[in-house]
Each structure stands twice: as C-alpha cells, then as structure tokens.
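We have chain A; now place chain B onto it with these hints.
Residue numbers (this note's numbering), protein chains in the order written: chain A, 1 to 376; chain B, 377 to 707.
No lab work stands behind these hints: they were computed from the structure. Warning: the hint list may mix true and false statements.
Here are a few chain B residues that face chain A, going by a calculated C-beta distance under 7 Å [to be verified]:
hint	residue
1	V418
2	D419
3	P420
4	Q573
5	G576
6	D578
7	A584
8	N585
9	Q596
10	R597
11	G623
12	Q637
13	D638
14	E641
Chain B regions said to be covered by chain A (calculated; three or more residues, Cβ under 8 Å) [stated by the list, open to error]:
hint	stretch
15	538-546
16	606-617
Even for Gly, the Cβ is constructed at its ideal location relative to N, Cα and C.
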Amino acid sequence: MALEKRVESPQKSGEIAQSLGMRQAILLLSRVWAWLFLLALILVFTITTKIYQQVDFLTVRNSQNILVEIVPVLLMGLGQTFVIIAGGIDLSVGWVMGMASVVSASVIVILLPTGIGEGLSILLGFGAGLVSAMIPGFVNGLIIAKLRIPSFIVTLGMSFIARGIAYLISGGNVVIGMPPGVRNFGNESMIYLLNGNIYFFQHPDATGIALRSLDRVFTYPVVVAALVVGVAVFVLRRTRFGRHTYAIGGNAEAASRAGIRVDRHMIILYTLSGLTVGLAGILHTARFNGGSPIAGDPLLLSSIAAVIIGGVSMFGGHGNIVGTVIGALIIALLTTGLVMLNVQPFWQYVVVGVVVILAVLIDQGRDLIIGRMKSE
Amino acid sequence: MSKKLMILACMLLVLLAIVPLSAAAQPQATPKIKIGFVAGIVDPFYQVMEVGINQAVADFGLSVVSQYPPAPWGPNSQTPILNAMIARGDLDYLIIAPTDKDQMVAPLQAAADAGIKVITVDTFLGDGDYVNGPVKFPLSYIGSDNVEGGRIAAEALAQTLGEKGKVYVQNTTVGTSTTEQRGQGFKEGIAEYPNMQLVGMDYNLDDANTSAAQTAAVLQRVPDLGGIFGVNVFSATGASNAVINAGLGGQVQVVAFDATQDAIEKLRQGAISMVIAQKPYDMGYMAVEFAMADAAGVTSLPRRVPTGYQVITAKNVDDPAVARFIYQLPE
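So here's chain A without its partners, still in its complex pose (with noise of 0.2 Å):
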C-alpha cells in the first residue's frame, strides 16, 4: 500500500491533501462524536418531553436523578476502563459487587450490637466491603499475569465464585438493620436547595409539602463517584501508570522489554477493578438500605456498554476515562428521558445496541485512517 502511494505521480498531491483534511475532520468528529451525541440526546428529550408531556427536562432535579443512576454503572466502568485499555476485560464486575453489598450489610448487622457505636460499625463494615471486592480482583490479576489464563476465563470463573458467597452469607434475602447512618450517607447531599435558598451539609427544616421542592444537589455516592472519577483521569494521564498501562495494552511484549513490570501492572489493574466495583457495592448498600446479592448483576452489561460507547478499544490500547462517563451517562438519559416520554423503556436496549456498534465503527475506522496516514 505505502509502495503504490509513493509512486503515484505529483498532480494528485493536491488531491491528497484535500483528502487528508477529510480525514482530519473524520478524525476530530471521532473524538468528539459521543459529545455531540450526548448534546443531542439532551436537546431531543428536551423538546419532545415538552411538547408530548408538558414537562420540563432540563431542571436540577432530573440532573441529580441521571448523575445518582450513573454511579453504580460509572464505577463498575471505570476499573473495566483500565483493564480494558491494558487489553483484558473484567467480568466478575457484576456479582463481586453483590458480594460486597452483602458483606458490608452483614460486618456492619454483626458490628452494631458488639457496642463500638454506629459510626465505627459503618466505616468497618463499607472496609469490608471495599476488601472483600478487592480481593477476588487481586486473585484475578495474579492468575492472569502469574498463570497465563485469558481473562475472559479467569473473571468468568470469578463471577461465578462470588455470585456463590454472595448467596452464601445473605442466604439469598437482602441482609437488612442498617443504622440510619447509611441511608443517609447513601441518600443525603452536599447542597440543598428549597426555593431559591441553598443549604450546605444542613438538611433544611421542610416538612409536608415542602419537601416536594427540596432539591438534593451532589448527593454523597454521586460526590465520591466524582471523586474517583478525578482520580482516574489523573491517574491514566498523568502518571507513569497510566503510561504504563497503554503501553501494556498496545502491546504487552513489547512493554515487557522495555523494562515495565507487566505482571505486577496487571495485578494492580485487576485489584483496582475490585476496589471500584466494591465501592459500587457499598453504594448500593447505602442508597437502598441493605446488602443485596443481586445489585450488581443487572449492571455488568451497562458498564461494559458504558466503556464501549466512551471509545476504549476492545483491543486494548487506547481511550480515556472521560468517554466512560459519557457512556454511562448516555445510557442513564436513555431510561430517564424515555420514561419521562412514556415510551416503552424497552427502547434504550435498542438504542444502546445501536451506539455500542456505531461506537466499535466510528473507533475502527479512525484506526484505518490512521494506519494510512502513517503509511504516507
């Protein structure tokens, strides 16, 4: 291909070049394409749930309400995004977050009564939580990296392990005595606003019908989320990890020889998974008031779709973080807007079939153009 470019004659130089700016405008449409999409969507339910059902779209609350549906599938996406990009998949997301739901209901059910006061039991019992995810991760990275064995398989293998524990301690009931603590740090917000006052970390005074216009804004799952969502983007741009972890994804042998611990990476990474999926856990655990084996199962699709959507290669290699959180988000505004519409929610499968492969497209063929632009 590079031979033939090369000795094309020089009259089609001109032709080149205004191909090329094709491609660069390709090119940039493909890193903000999901931007746009996300815009659009906004715009669509916007204007539609205005003129079919008379009510707004845009407003504080329904924002809230999107950003609280976003976190569990955000933080499930968010580990799989490093995996991913270091060109393996985690699949045990689902039910290790069940199992640290239930395990942080459960160290906190048995803690409460031993008289260390409410405070202690929920910040051991969410430890908990969060140790009880990371270890089948750590398990996870070691077989992998250690043994060789497709990640596929191993997170398979995992899934099925912690789908058995989860059921094991809950005994299949959602593990329930929560201390009002929980609830409130899984439902209560940084800043509310009732009437045009804001309140900060003070649950204003409202009763009765006040209430209906109390607006939570920032609740405590969606502040935490945030804040590892930062963290990652720091992590992934700017340190030697995130390098690392591209470089691995690219290619592993190559990252092997140039001096990168490929091994050690590789459990880190998987360990990481754990530890966001088991705070997806301990979310769940706070907003609804009980350990539920369950929780995360419905989620594992979703989150995968969510990073798929965000524009992380399958391959392994490139994306980024924020693309995730634009496809968690595009997947929330999917079941709030069509609900509000009163579409048949079963709609959102379609669409977000539909981005996921417009998604793999759009990622493939910039992969084309790029191949041939270094190939000129």
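Chain B in isolation, oriented as in the chain A frame:
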C-alpha cells in the same frame, strides 16, 4: 491397595444388604411416603414454604429432600435439579414451583411417567386448571391467585387514596407469569374506580437502581401521582427510594408485594405504606397434607387451592394474627 478395595467392597455389600432389611422392618401402618421439594429460586418466599413443608413432614413422620435452583429464574436452572430428583428413584411425591408454565410441562411429565405424583405450588403448568385445561397430570395447584393479588393491591391503594388519583406500576420482567398477573390484576382493579387512572407500567428487570430511576422520571412526568404498586420487593424498594428522595414520602403511597423482612423493615420506617403478603407456609404445609391424603387413598382432593392474602400496614404489623404472615425464617 487391592486388599483395601476388597474390604471396602465387602463393607458396601454388607451395607446394601442391611439397608433394605431395616426399611422392610418398619411398621407399615401409615403410608410411608418420601417427598421431593423443588423451589423456583433461592428467596425468602420459598424458604418459608420449605419451613411449612418441613413442619408437616415432621408432624406426619415423613421424609423430604429439598433443592433450590440457582438464579436466573427459569427452566434452564430448574430442569437439571428436577431431573436429578427424578433420577434418585425413591420419591413418591414432588412438590414444585414450575418456573415456566409451558416449558416445564415435558420435564414434569417425565417425573409423572416415572411414577412420581406432582403437586405444583405458587406457580402452575398450562393454564393452572388441571381438570379442564391442557395439562391434567398434576394432583393439584396450591398457591395464591396472582391476578387476585394485583386486584387486592389496587383495592387497598384505592381505599388509602379515597378512590381517586393517579397510580403507577413498577414491574420486573416481561413474561414472568406471576408478576405479569399481578400487574394485570392491578390494572383491572384500578379500572373499576372511575376517578382513578393508571399512568404507566415500567419494567426494571429486578434492578432496584433502574426501578428508582424510572420512578423518579415518572414523578416528574406526573407530579400529582398518588400511589405506586411494586410487584415485588426490589421494584418497591427502588420506587420508595425515588419517592422519598423527591420529598414525597407519606404523600405518594408505595404498595409492595411479598412480606420479606426487607419489605417489613421498610414498612416500619414508613418508606412503604402497604405490604401484600402471600402465604407460602400454608402452601408448603398443605401440599404435604395433600400428598398424605392421596397416598391414603383420598380421591376428592381439590385440583386448585387459592391460599389468599394478608394486607399488612404500619397499623396492623404488630398484631400477632397479622405478623405471622411475615416471611420469617427460624434462627
């Protein structure tokens, strides 16, 4: 090595010889039947049903083996367990909650062909009519009428709302007969009140997070919503979370189906205003009684027994006559 094997083989032979002898030595006054129980899935409802079965088995001096299919709900999970039960070869009666009314017909027919009499609990085969319906081989169908359950939810909600206002349903998965029937019954129940309107029914696929998101969206579309029916506990959990966070706690009534500990805790906290309890203990106990009666030669057993419901509210939850219907597992 081979000597050890020989000894082991001898011991096995002796054991095999003794076991039938000891069994034959027992008195044959009452029919000594052995029962198998296959639940629909691991959850508190079936666990309480098993408590009822175990109680009856203990009361009558019978024996039982119980098995729970893993998630997800469906014939793919349940059939292997059912087949293993049939393969045991020592069961006389099978108490089962079929996970699909059509797809489980053939596997259960195989059980019947193997000489095991089938009693369905909670769910049914065919159309549930074992006298005139397409499926006739099961002995009886003992369980709640889920359409009736949905209707009871509608009536209870209508009474609380003064027989007027807008209501909404959070359903689980399309195609699951029990939850679809609850939704259907609720729809029919609400239709009988001219001043009430059903504004929609959404499916959350058993995910509390989705249920909360959908309910939050509906609360914006319909600001004057009066009540929500959650067809199972996860649906109601998500709905009540959205209601409370919209500042509508106590104003939008949430009705939950199934009296799990989780649902009752939320009832006491005021997040849920009503719980429709089924009677799984009754189903289990009665199924064993039916097996006993059939083995003793009783021929006029009813082929369909609806077990009814108990509506639990914050007011009556501590009344022992009501509290006994909470799905409580012995410690």
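**Message:** For each hint given before, does the structure comply? Return the numbers of the non-compliant ones in rising order.
**Reply:** Per hint list: 4 and 15 violated.
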